[in-house]
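Engineer: Next come the chains, spelled out residue by residue.
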Amino acid sequence: MATRISRRTLLHGAVAGGALGGVALSSWRYPGPIHNLYDVADALNYGVHDLLLSGQPLAPEFSRSDVVLDFPTSGVTSPRDERYQLFRENGFSDWRFNLVGMVENPLELSLAELRAMPSRTQTTLHTCDEGWSAIGAWTGVPLSHLLSLAGLKPGARFVVFHCMDTQNNKLPYYESIDLFAASHPQTILAYELNGEALPEKNGAPLRLRVETQIGYKHAKFVERVEIVDSLKTIGEGRGGWWEDWNGAIWYAGL
Amino acid sequence: MQTPLKSETRTEQQPGTLSYLRFPVPTRILHWLSAAAIFVLLWSGFWIFNIHPRLYWGEVGYFGSPAIAEIVADTSTEPAQMAIRVGDASFDVTGIMGRVNRQPFVRVFNFPQGFQYGATRALHFTAAWVLVVSWLVYLYHLVSSGRLRRTWLPSRQELSPANLGRDLLNHLKLHRPKGDAARQYNTLQKLSYLLVMLLLLPLVFLSGLTMSNSVTTAWPFLFDLFGGRQSARTMHFVFASLTVFFILIHVLQLFVVGIVNHLRAMITGRLKISMEED
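Chains A and B are the protein sequences, given in the same order. Everything in the first sequence is counted per my numbering, starting at 1 for the first residue and increasing by one. Everything in the second sequence is counted per my numbering, starting at 1 for the first residue and increasing by one.
The shape of chain A in the complex, shown without the other chains (with noise of 0.2 Å):
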């Protein structure tokens, strides 16, 4: 009796233990920020999700007659900012985008230069945290494609977005994902919706689609991509604008 019970137990033990110790393990890899209480819980959502997600698998995507053609938004729509107004006027024609920071070569494209690289189109479907969800297809550069033109330097663990539209705290938007989310093959730095050109209210002229995550990760109107070893130096050093400034946590697939 006592053997059989004592078995059972380490039985127990053992699952228990594998369990915990992979969730652990996981969440150890957390790469954001931790600083309070809300951060631990977060660790434990990246490492499940790292976990789930370990193969890279695919978002479901839509039937294109599902779009929804006017997209919804939150956040800035039409940015004040005299530089975003002049670029938009002259239709991004002068307007670059930049790939800097811990890379072997840094990046400067063009509007034109972007939409002549390999692109890819997804039907998938955003969802906004606070609560609303729409049906768009996406089409733009990968991101991985950018990173393996640009070569990462070794240390290099996060890709900062830096974007053109300031928030009422007179800061412009800012956001950032680790290397895993931005090698996904749904990570697309995106100039199209709907087969039209991003309308300014969606993030012209260039925004981020990470689908793995929720909407304040997507960052819109992106202009520079920074590739850095540290969130340390980013903003206020949590990552990104809603978490310095709203207390939202850095990992953001729920």
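It should be emphasised that the hints constitute simulated quantities derived from the structure, not laboratory data. Be aware that a few hints might be false.
To be verified - Some chain A residues near chain B, calculated using beta-carbon distances under 10 Å:
no., residue
1, A16
2, D39
3, S110
4, E113
For glycine and all other residues, C-beta sits at the position ideal for the given N, C-alpha and C.
Chain B: place on chain A using the hints.
Structural biologist: For chain B alone, kept in the frame of chain A given last:
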């Protein structure tokens, strides 16, 4: 009809009553942890809903697309005119909801540092971890200790219509159980707790997870289970409301069976029961 009592002791002070160990340590710890987590989840969930107080069906739903239910607010007046619309029915709730802020819902609790939507979501997920882990540990405890079979699963005899009818009548009469009947859970009680533990809570968790982009990327079948992301959001709201309904009954029952005795029992573990027959 009384069976011999084994481990229980009759208390000397009050003849005719005895106290016995009703709730073991894991039950008590997990009960209060879950209670705290559920309170925080409902509170933060309320605020998350308030950001977009409309419910849809299917995958797509946004301001401009048809909603099956919504809170409509005209904030140009003071107090704002408020209505809840469900399908074709509209209920004016201006008087009930009272003074509102810019958001359509009434401001029930104040945020000390001002409202931060991002932090509210973070709070929701943190409390969700506490609830999910408590739930898993409790299920493990129930199964491994044999309490699930011994205490919770009703026998075939208990499930007979006659017994269920008697139970229902006792509930409706707000009958306070005594003697041996007070030492075990009645059948309706067993069934409702099992339903919450084994069906309602998993549905709350799964519908919540269906709102996550990462989780639906790994498990797209969740969309089929609930009929889409917006359906899952609506069902999450419905399941949470059912949980509130359960908690209301749960707390009301405390007043029927003796709130002090039962609250004390959920802290010390020991419940006093009267052995005198009516």
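Engineer: Confirm or reject each hint.
Structural biologist: Structure-based check of all given hints:
Taking 10 Å as the C-beta cut-off, the interface hint given for A:A16 holds, the closest approach to chain B being about 8 Å. Among the interface hints, the one on A:D39 holds; its C-beta lies about 8 Å from the nearest C-beta in chain B, closer than the 10 Å criterion. The closest approach between the C-beta of A:S110 and any C-beta of chain B is roughly 31 Å, which is over the 10 Å cut-off, so the hint fails. Interface hint at A:E113: violated, since its Cβ lies 30 Å from the closest Cβ of chain B, which is beyond the 10 Å cut-off.
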